[in-house]
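**Student:** Based on these hints, arrange chain B on the given structure of chain A.
Same order as they appear, the protein sequences are chains A and B. Those letters in the first sequence? Residues -11 to 631, by the working numbering. Those letters in the second sequence? Residues 210 to 463, by the working numbering.
Hints listed in this document are in silico derivations from the structure and should not be mistaken for laboratory results. From the three backbone atoms N, C-alpha and C, an ideal C-beta is built for every residue, glycine too. Nothing false has been slipped in among the hints.
Here are the in silico distance ranges between beta carbons for each label pair: (1) B:S319 with A:T457: 44 to 50 Å; (2) A:K27 with B:A294: 46 to 52 Å; (3) B:K384 with A:D308: 52 to 58 Å; (4) A:K298 with B:K237: 35 to 41 Å; (5) A:L174 with B:N293: 38 to 44 Å.
Spelled out, the chains give:
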Amino acid sequence: MVRVASETLNSRVPEGPVDEIWDKHRFNMKLVNPANKRKFTVIVVGTGLAGGAAAASLGELGYNVKSFCFQDSPRRAHSIAAQGGINAAKNYPNDGDSVWRLFYDTVKGGDYRAREANVYRLAQISNNIIDQCAAQGVPFAREYGGTLANRSFGGAQVSRTFYCRGQTGQQLLLGAYQAMMRQVHLGKVKMFARREMLELIKVDGVVRGIVVRNLTTGKLETHTADAVVLCTGGYGNVYYLSTNAKGSNVTAAWRCHKQGAYFANPCYTQIHPTCIPVSGDYQSKLTLMSESLRNDGRVWVPKDADDARKPQDIPEEDRDYYLERRYPSFGNLVPRDVASRAAKERCDSGFGVSDTGLAVYLDFRDAINRDGEDTIRKKYGNLFHMYQKITAENPYQVPMKIFPAVHYTMGGLWVDYHLMSNLPGLFVLGEANFSDHGANRLGASALMQGLSDGYFVIPYTIGDHLATTNLPKVPEDHPACLEAVQAAQLRINQLLAVNGSRTVDSFHRELGLIMWDHCGMARTKTGLETAIGQIRDLRDQFWNEVRVLGSGGTLNQSLEKAGRVADFLEFGELMCVDALHREESCGGHFREEHQTADGEAQRNDANFSYVAAWENHGVGEEPTLHKEPLSFPNVPPTTRSYK
Amino acid sequence: MSKETLNLTLQIWRQESSTADGAFRDYKLNGVSTHMSFLEMLDVLNEQMIEAGEEPVAFDHDCREGICGMCSLMINGQAHGPDNATTTCQLHMRRFNDGDTIVIEPWRASAFPVVRDLVVDRSAFDRIIAAGGYVSVNTGNAPDGNAIPVPGTTQEIAMDAAACIGCGACVAACKNASAMLFVSAKVSQLAVLPQGKAERNERVLNMVAEMDKEGFGHCTNTSECEAACPAEVSVSNIARLNREYVRASLFSGG
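So that you can see chain A by itself, here it is in the shape it has in the complex:
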């Protein structure tokens, strides 16, 4: 039923022992002579951890970099909202960590659906990242003696997470942003803020530029280059409600997909267990409470589903600490997918709390009694403050109410070991690619991957492409450029011309509900088939009934949103197609048909140990599945157990 390409994808992973190949490969890749680097221009789209780090590092090397973001400043990219921390295999606490253990935990945490070689490289590089960021002046938490502090995070039994209070993402992002602004000052990076990428430019099959819309003036701009590096984040906003920033979108990646780049594993989405529950129909986003809270908070629901007492009045013996009960060895620190499904299970069984029944308690009573309120405030003060602001409840006195929410997307554009897509010259970094987290990402690994890709991988692999590819100059009036501009303009005109009666947001909310109900925490064959039909209908309605006021020639936020939602309406279908074809449960992808007797995910390694990379053939057309087989010679797959 699914059209499958006969040839498998070539990941370009070099031969050899996994712990040696990156070193050897760095030697084998071609270099660009220092004096020649200034002859090349590289476009970096997005200024989050991956994009900021890439633009800074490539500028330092001597390349001419053009950097783009849709926000008013590159410092706003959504990496800034990451709270908890960043992993590294430093083993400073002397508790048994190593590069190999970080590698092992990440492959296992990803439920054996990531590419081993990439994960090993990530674990190796993790230590360089901490050094680099500390040298930039990132104010990591320190012990009193001045050395770097660590805390533990889900999915690991060692303490390897570095952090800056509850604002780690902010501090790491500002480090990368500042490094990039230094290159702006030195003239090596040219910054284009308030620009949205709308089209990819290919010349003779090689990616050579982008078309962006200047969001202030509405003008379409053509930018040509010798390579394009896409660092545009994830697609969690396909659900409308997620922990993503409002502007986060799939458009840049989807435009590349429509130009031939394969989209890999779109069904792998991460539902984060600790978010503030939904409070009403007007809700515009969901707010995460960092996973680090599970170090000291205990998750529970009442043992009696009808227990109407206030949480602080419910005695110990009437509480069900269900994570500690089900997973005694990891307890409250099980990986995110496991914790989320366990919360859903309790709520589905009628034990949920709050008016909606869609919440569980995260309780700090015992930690406060043990360590004192001051200690807890020091560790999590800003998170408690944020919680109180949103809910008007004081978590020092009553337990937090939490519920899972869409947080991160492991799928993304397919890339090889060089982080290059199947389109030569298009590189994809950070959350926008698929490669390192498999079917589930462990906490504190996203920051690690973004910075690894940007600081320490792309500076090497892009040189190999530039040194080995024939790259004649592409003038801005090249037919390929004109065609791309025309396509972008046509789409804008179409959106403005519908002139229907429904707002863009109303479509987005409706799409989000379809995705959450049928392609969220649990999925079924019939549900996914229903969703695909509903998405197609909704897409037709959108193009007949959407109302976008104003013109294309000014700042027009409705038009921006309309373009993004139009792409989500195409992308959502692909997610469901991918989820439908993957007849197994793994990581964040849980098919109800495939579970063990006690409700745990059941993988099917015999048939699904591969990356599913989809090739687009047009809207509504059946995509072609390209497979990249996965093998695990170093971390043999077992059933993931956190019991």
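**Tutor:** Using the frame of chain A, we list chain B on its own:
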């Protein structure tokens, strides 16, 4: 206890473009849930306006959890509204009363020109950072993270300053539209940390020069900036900025 829903009058600054004249317009909005955030209230207004065929109000926002620094509204004359240590996106409608009139304006500063409605151009902040708000260390150049110990107390001072979200509320709140709090936060963070010491003189001189060039005013010494700051950045950083500036002027070896 406030009522569960509010009926409000909103006076909102509307301006088509940076060159057009702007004016306040009145909008009635009924049935606003007290659980909504301020921006969700504006979302509801915009949905109603689109349905009525009127172009919605443009405003900047992104993360909606108080960290990206993109939201930027003067609410009843206060930057980010009435709550302490709170961005506009985290302000909730339970803070308002039924029947209230709420005045909503963009940041007011000549260095932050209006782009449209409530959206302003804060790129001046990026140029100030580009002038020196960093440690000049290329990728790959770093010693081991533990090679340079940073005492816990120093790290705390640096982190308090580094918490700045770059929103510009300090400028909007200041009657001189001074950017001293913003500049001092970055100067302080990097001046107290050993990693930033090597460039401490050039950094403060260059950042202050760029700040002046962008058209920000002088410090009023009235601490309005600190009161408005959603990240609770302290004016003691301005004192440190002044010390750093004097020190650099005297000892930079010109």
